Structure formats: C-alpha cells, structure tokens
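Student: Now for the letters of each chain:
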Amino acid sequence: EAQVTQNPRYLITVTGKKLTVTCSQNMNHEYMSWYRQDPGLGLRQIYYSMNVEVTDKGDVPEGYKVSRKEKRNFPLILESPSPNQTSLYFCASTKTGGWSEQYFGPGTRLTVT
Amino acid sequence: AQSVTQLDSHVSVSEGTPVLLRCNYSSSYSPSLFWYVQHPNKGLQLLLKYTSAATLVKGINGFEAEFKKSETSFHLTKPSAHMSDAAEYFCVVSVPGSSNTGKLIFGQGTTLQVKP
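Here the protein sequences line up with chains X and H, keeping their order.
Just so you know, the first sequence maps onto residues 1 to 113 in this note's numbering.
Just so you know, the second sequence maps onto residues 1001 to 1116 in this note's numbering.
Honestly, I wouldn't trust all of these hints.
Below, in silico cross-link-like pairs of lysine-lysine (DSBU-like), each with a Cα-Cα straight-line distance of 30 Å or less [to be verified]:
id : chain 1 : residue 1 : chain 2 : residue 2
1  : X       : Lys57     : X       : Lys95
2  : X       : Lys57     : H       : Lys1042
3  : H       : Lys1069   : X       : Lys95
Here are the in silico distance ranges between beta carbons for each label pair [said to hold, decoys possible]:
id : chain 1 : residue 1 : chain 2 : residue 2 : range
4  : H       : His1010   : X       : Asn84     : 22 to 32 Å
5  : X       : Gly16     : H       : Leu1007   : 33 to 43 Å
6  : X       : Asn28     : H       : Ala1053   : 44 to 54 Å
7  : H       : Ala1054   : X       : Ser80     : 24 to 34 Å
Sample of chain X residues at the chain H side, in silico, Cβ under 10 Å [claimed, not checked]:
id : residue
8  : Gly40
9  : Gly58
10 : Ala92
11 : Tyr103
12 : Thr111
What the hints contain is simulated information worked out from the structure, not anything from laboratory work.
Predicted model only: the values in this text are computed from it and were never measured.
Virtual Cβ for every residue (Gly too), placed ideally from N, Cα, C.
Isolated chain X (complex conformation) (with noise of 0.2 Å):
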C-alpha cells in the first residue's frame, strides 16, 4: 500500500529536549516536505526536499532541522524544541512538484512543556 508514515504520532516533551519526527514514504517519490498546522492559520510549511541530499527552508524553518539521506525518509530535528512549537506536523511526498498530489502521513502532534 502506497502511504507516508511518521512517527510517534504523539510526544510531550520539554523545552530544550532534542527530538526526531521519522517520515518515510514507499512510493520512490523525489519531492519531500514537512508542514506545520496551528488552528486558524492552516499549513505551513516548514522545509521541503527535492532530492536526496537537497533540501531548502520553507515559510517557518526557524527551530528545525532536516535531513535526507536516502530517498525514502526525510526526518525532522528539533534540536533544542521550545513551547511555541507545539503544533500538528505533517509529513508529505510528492512524485513531480507543486501541482501533482501530495501524499500526506497521518500526522504528529506535539506538545512542548
């Protein structure tokens, strides 16, 4: 079956705590990205990758790293989380950009203490 999954799904942490969202895909998709959702403020996305080895910021990249070594997983650091990133993350693959479906893991959410 052809799906995007991260994990945890839930994590409570504390301020300063360095933390790894996993996200990977099975769908050899090349376009990988990690959006943010807050209430009243819809997606935003926080950085994305074109390829392996390739990765750029997105509207909000302040706090959080990423990496992509293999093409199939595209993690998300945060290497010292603080309250104001608690949020709803979603992991997203796409095969050819922008205007193709974008296929979205079930979602992380996160709670900084």
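Once you have looked at the hints, place chain H on chain X.
Tutor: Same frame as chain X, but now just chain H:
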C-alpha cells in the same frame, strides 16, 4: 504574491442539502488549485485539482469545484451532504516555480458540520 482565502471558517448544513465551501485566490500566474479534506485525526487527502484543463473539476465522493478566473474563485460544491462529509477542508494554491519545490499555499481551512 500568491495567497488563498477561505471565506468561511465554519459551515453547517443538514444531511441531504447542498454544500458550498468558498475559496478565493490571488496569483500573478495561472495557478494550480486543489481542495484537500482532513477527517478528524487523519492526514490530508486530495479531493480534486485544477491544472488549466476543464474549468469544472470533478473529484471524489461527489464533490466538484469550478475555476472562475474573472472572480478568482474556486468554490467547492456537493449536491447532497452526507454525514461522512463532516471534516475540515483546505483550499490550496501552488506557487509558480513550485515544480521544483512542491510548495503549496494553504487556506485557513473550513470546518464542515453535517447535521442529521
């Protein structure tokens, strides 16, 4: 700059009545437009997309949307609401040049409530 505005944050309809979710966009170029649906505790799923072919686009689950360039609108409709349609809906526009980025601009979302 590209932007998208969903005109209603919340829409409530009765089961069996028509659904209208409104979306206006702003784009300097011919846009690609999408509607995504998010059911509770789920990821987003593509409902339909417009990419400069037919202006009336049919999607899944009986939804359709009409691209009106003169009105810069891309409203989502369905003739008869079903209880399973209750969800949050996002109107989305692609950014020019986004063929290299996969970058999309999301509206704020419209929550559709369907009453029995």
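Student: Please go over all the hints and tell whether each is borne out by the structure.
Tutor: Do the hints match the structure? See the list:
1. X:Lys57 x X:Lys95: holds (19 Å)
2. X:Lys57 x H:Lys1042: holds (25 Å)
3. H:Lys1069 x X:Lys95: Distance ~27 Å between H:Lys1069 and X:Lys95 Cα, so the pair holds.
4. H:His1010 x X:Asn84: 22 to 32 Å: 26 Å Cβ-Cβ, so the 22 to 32 Å window holds.
5. X:Gly16 x H:Leu1007: 33 to 43 Å: Because 41 Å falls inside the window, the suggested range holds.
6. X:Asn28 x H:Ala1053: 44 to 54 Å: violated (26 Å)
7. H:Ala1054 x X:Ser80: 24 to 34 Å: violated (49 Å)
8. Gly40: Holds: closest Cβ of chain H sits about 6 Å from X:Gly40, inside 10 Å.
9. Gly58: holds (7 Å)
10. Ala92: holds (8 Å)
11. Tyr103: holds (8 Å)
12. Thr111: violated (15 Å)
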